[in-house]
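Q: Here are the chains, one letter per residue:
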Amino acid sequence: MLTVTDLSAGYGPVRALDGVSFTADRGRVTAVLGANGAGKTTLLRTISGLHRADRGSVELDGSRLDRVAAERMPALGLAHVPEGRGVITELTVEENLRLGGLGRAGRVDPADLERVYTLFPVLADRRAALAHVLSGGERQMLVIARALMARPTMLLLDEPSLGLAPRIVAQIFELLRGLVESESLSVLLVEQNARSALSIAHRGVVLNLGRVVADDDADVLAADDQLRHAYLGF
Amino acid sequence: MQQLLNTALGGLTLGMVYAAFALALVLIWRSTRIVNFAQAPMAMVTTFVALVVVDAGHSYWLAFAAALVSGLLLGAVVERLVVRPVEGGPEINAVILTLGLFIVLHALAAVVFGNRYRSFPAPFGVRGLEVGGTTIALTGFGVFTVLAVLVTMGLLLALFRYTDVGLRMRASAFNPEVARLLGVRVGRMLTLGWALASLVGSLAGLLIAGGSLVHPAYMDSVVVYGFVAAVLGGLDSPIGAVVGGLLLGVALSFVSGYVGSQLVALAALVILMLVLTLRPGGLFAQAAARRV
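Residue numbers (full-length UniProt numbering), protein chains in the order written: chain S, 1 to 234; chain B, 1 to 292.
Quick caveat, the hints were computed from the structure, so don't treat them as lab data.
Zero decoy hints are in this set.
If the Cβ cut is set under 8 Å, some of the chain B residues that face chain S in the computed set are:
id	residue
1	ASP164
2	ASN175
3	GLU177
4	ARG185
The calculated label-pair distances, taken between Cβ atoms and stated as ranges, are:
id	chain 1	residue 1	chain 2	residue 2	range
5	S	PRO121	B	TYR162	23 to 29 Å
6	B	LEU276	S	PRO121	43 to 49 Å
7	B	GLY89	S	ASP224	45 to 51 Å
Away from chain B, derived, C-beta distances all over 10 Å, residues of chain S:
id	residue
8	MET1
9	VAL14
10	GLY19
11	PHE22
12	PRO110
13	SER135
14	ILE168
15	GLU183
16	ASP225
Just so you know, these numbers come straight off a predicted model, no measurement behind them.
We treat Cβ as the ideally placed atom computed from N, Cα and C, and that holds for glycine.
Throw the hints in and build the complete structure from the sequences for me.
A: What follows is the structure, encoded as structure tokens:
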């Protein structure tokens with residue numbers, strides 16, 4: 001379980017997060033929703049240690065994550081897939097995956113590779129290809145697979161639907177749903193596309209200008225007309 | 001015919017050294033986007049370390065090893081103490097710092113080792129080998145030069161391609177933020193990258209010095225040719241640096257042998273201008289721009 005308490009962070013005088021508190025339960029998908037500039041990406045970057053918090057705390061299954069350096073997160077069970085995919089295009093598909101496995105224990109377990117190749121057969125077919133040649137959807141699968149190589153308990157996903165065709169988005173979300181159910185993986189999913197995010201999320205947190213304006217079950221949020229019109233845009 | 005062969009062989013040997021030096025520049029450029037102007041004086045300092053070891057009565061090989069190890073250490077120290085503090089700022093700041101380091105190392109070497117020419121030993125003959133009754137322009141030390149650079153490049157390639165550390169280093173160079181998120185200690189990888197680059201630079205310094213004279217400024221022209229070779233191959237490509245070094249060495253050797261040795265520096269600049277005009281990314285430029 002990820003517990004975020006009173007988290008504040010900013011860029012110089014600009015407050016991007018202002019006292020954000022919520023929890024993301026184990027084996028659940030928690031969607032973080034809101035318009036551009038609501039603080040969603042900053043929230044993920046602050047949780048994973050890429051951005052320094054000014055105040056507040058982050059705990060994963062009881063151990064404190066704030067003040068922990070980003071490069072130690074994989075060993076603590078937290079994986080962050082950044083916005084814009086973060087595929088290292090100059091490396092091959094398998095090298096990207098191996099890199100993910102190295103983060104946890106310093107070496108790659110061949111069983112992990114086999115597991116992600118079974119989950120994502122399209123990657124197995126292109127394991128020796130440079131990641132540069134993959135399509136957008138394949139790249140998204142690669143970064144999710146790469147995150148799984150570290151056997152995370154908590155997966156942070158930033159805008160996985162960005163720039164992808166709706167059919168591909170549905171496919172990736174379906175895969176995520178399967179992973180959450182079969183491996184009791186927890187997912188914190190940041191999305192601008194609130195409608196599709198709420199379709200797989202159990203819970204949703206709505207941010208506006210760095211503050212939490214709603215935090216409820218996904219179906220409750222989806223049914224709230226006022227909230228939808230004000231913050232979610234559908 | 002014989003002159004043609006000899007010119008080519010001389011160019012090949014020299015080209016190998018340029019290749020090594022260009023490789024040192026490329027290793028640093030592609031991981032930190034810094035052109036390390038201090039590469040030449042760093043290599044010079046380590047050659048003087050070797051000279052100190054030789055003067056103390058030890059063997060050439062011990063001196064050789066001492067120079068490479070001190071190159072490794074010097075690279076790591078420079079990255080930690082000079083480059084790291086300005087990391088995150090504009091890259092030009094670090095480049096200017098390496099220029100400053102160029103001057104500082106020069107001055108220090110002149111103070112510590114003396115501002116004069118000193119002869120540097122070679123482990124193998126520096127006379128042309130005899131093949132079928134005629135002497136060719138390839139010396140025993142020339143053969144050693146070619147082999148040493150080839151072996152070093154092979155080892156580096158294997159390190160980058162086949163080891164976990166190499167994978168981490170490449171990831172840090174290509175995408176430091178993603179590498180961090182995947183648990184790579186990017187700072188350490190950059191230090192290691194500088195150390196390895198500096199080691200390769202030291203090797204180039206030793207190979208140029210062998211059987212010749214060293215002086216605090218003896219590497220300065222090499223930085224120009226090494227840079228031209230690196231640009232020729234595309235600053236991002238280690239293989240390109242090697243090919244660029246060989247091409248440049250052979251081309252300059254022909255200019256020197258058939259046109260006039262005083263035109264060598266000019267020829268290097270003409271080649272640089274031609275490459276920048278016709279193929280600005282270098283001969284081995286990747287199709288896609290990396291920094292979008």
